[in-house]
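Chemist: Sequence:
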Amino acid sequence: MSTEPPRARLADIARQAEVSEATVSRVLNNRAGVSADTRQAVLTALDVLGYERPERLRKRSAGLVGLVTPELENPIFPLFAQIIESALAQHGFTPVLCTQTPGGVTEDEYVEMLLDRSVAGIIFISGLHADTTADHDRYRKLIDRPLPIVMITGYVAGLDAPCISCDDRLASQTAVDHLASLGHTRIGLISGPDRYLPVQRKLTGYRAAMQRHGLDEMVELSLFGVEGGAAAADRLIARGATGLVCGSDLMALGAIRAARARGLSVPKDVSVVGYDDSLLIAFTDPPLTTLRQPVRAMSNAAVRALIDTINGQPTPHSEFLFNPELVVRGSTGIVAR
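For what it's worth, the UniProt record's numbering labels the leading residue of the sequence shown as 1, then goes sequentially.
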């Protein structure tokens, strides 16, 4: 439904802003294809001429951006939130943090609350977009409103929005290569449920690397977290695994716990590789070898993509893959002979 004023007023606004009437129409209807400077010139012209801004544009001037995250028990998610919050503030936007907890407010319920606040856009971190069994039409409806959105960690093919991910395939390949270089031949993979795209990608990378090294696969999927990692690691150690590739740092800490519960030493008897390199991981006992996600670069890219979309600037609607970095510490060592 158009929010345009009568043609006479369109001409006045266009003349004041020194743009075409078509450009004024695009700004007032919040359509893409207008630069940030031009958009601001049109809004300034409205103010100067004493016209009220359309309701949608008035509400968005508050500069609120929704930030939907999973639970904050995994330290990687607060780290994403902190960096994104800082980057948004530099652009004059304030994040509305929406944290999901088991049995609590759902992602869809949070989105409804954010829409009621007329946020300028939403950043989703490891949301339902990462779940291959979820209905992703919920995101297409947001884009059709139109509402700028950006996804972090998870990709939906055909979705007209930027997606920011760490290369999970490369991460598990790198972890296997590291353990194989230390002489490990019984290398297991621990991760969460395989309905999640990052898990599927870690499995793909792990299997490719194991095949390249001529090694047999050993996979145990469990629940994310320390307890899930411990349970999966215990099963793999019972099967003779000496090297463990874990889907998160928390799962890796669970794997170390499981090894010690069996009276084994890390890394003398079992080597463990994590994923994330979240805060304090360098200070665990032993310090954890892990694949570091470039959280700052990923967060800044997500904010840039969102701000560009909000300002009507063209943004590539594709997946941006960031490379993980192997950080070798004390939880991996040469296999015992």
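If you are wondering where the hints come from, they were derived from the structure by calculation, not from laboratory data.
From a predicted model like this one, the values you see are computed outputs, not experimental measurements.
Idealized CB from N, CA, C, for every residue including glycine.
Accuracy of the hints is not assured; some may be wrong.
[As the list claims (entries may be wrong)] List of simulated lysine to aspartate or glutamate pairs, EDC-like, C-alpha gap at most 16 Å:
hint: 1; residue 1: 141; residue 2: 109
hint: 2; residue 1: 141; residue 2: 160
hint: 3; residue 1: 268; residue 2: 285
hint: 4; residue 1: 141; residue 2: 167
hint: 5; residue 1: 141; residue 2: 177
hint: 6; residue 1: 268; residue 2: 308
[Said to hold, decoys possible] Here are the computed distance ranges between Cβ atoms for each label pair:
hint: 7; residue 1: 97; residue 2: 50; range: 57 to 67 Å
hint: 8; residue 1: 20; residue 2: 204; range: 42 to 52 Å
hint: 9; residue 1: 280; residue 2: 213; range: 25 to 35 Å
hint: 10; residue 1: 50; residue 2: 118; range: 33 to 43 Å
hint: 11; residue 1: 204; residue 2: 227; range: 24 to 34 Å
hint: 12; residue 1: 318; residue 2: 265; range: 39 to 49 Å
hint: 13; residue 1: 97; residue 2: 195; range: 36 to 46 Å
Chemist: Next step is simple, just say for each hint if it's right about the structure.
Modeler: Do the hints match the structure? See the list:
At most 16 Å may separate the alpha-carbon atoms for a hinted pair to count; residue 141 and residue 109 meet this at roughly 15 Å. A hinted pair counts as satisfied when its Cα atoms are at most 16 Å apart, and residue 141 with residue 160 qualifies at roughly 11 Å. In summary, the hint linking residue 268 to residue 285 is supported, as the alpha carbons are separated by about 13 Å, within the 16 Å threshold. Using a Cα cut-off of 16 Å, the hinted pair residue 141 and residue 167 is violated, with the two alpha carbons roughly 28 Å apart.
Note on residue 141 and residue 177: the hinted pairing is violated, with a Cα-Cα distance of about 42 Å set against a maximum of 16 Å. With a C-alpha separation of about 50 Å, the suggested pairing of residue 268 with residue 308 is violated against the 16 Å cut-off. Range check, residue 97 to residue 50: Cβ separation about 37 Å, and the 57 to 67 Å hint is violated. For residue 20 and residue 204, the hinted distance range of 42 to 52 Å is satisfied, since their beta carbons lie about 50 Å from each other.
Here the CB-CB span from residue 280 to residue 213 is close to 32 Å, well matched to the stated 25 to 35 Å. At about 23 Å, the beta-carbon gap between residue 50 and residue 118 misses the expected band of 33 to 43 Å. Taking 24 to 34 Å as the suggested C-beta distance range, the pair residue 204 and residue 227 conforms, at roughly 26 Å. Distance hint check: the CB atoms of residue 318 and residue 265 are about 46 Å apart, consistent with the given range 39 to 49 Å.
Range check, residue 97 to residue 195: about 26 Å between beta-carbon atoms, so the 36 to 46 Å window is missed.
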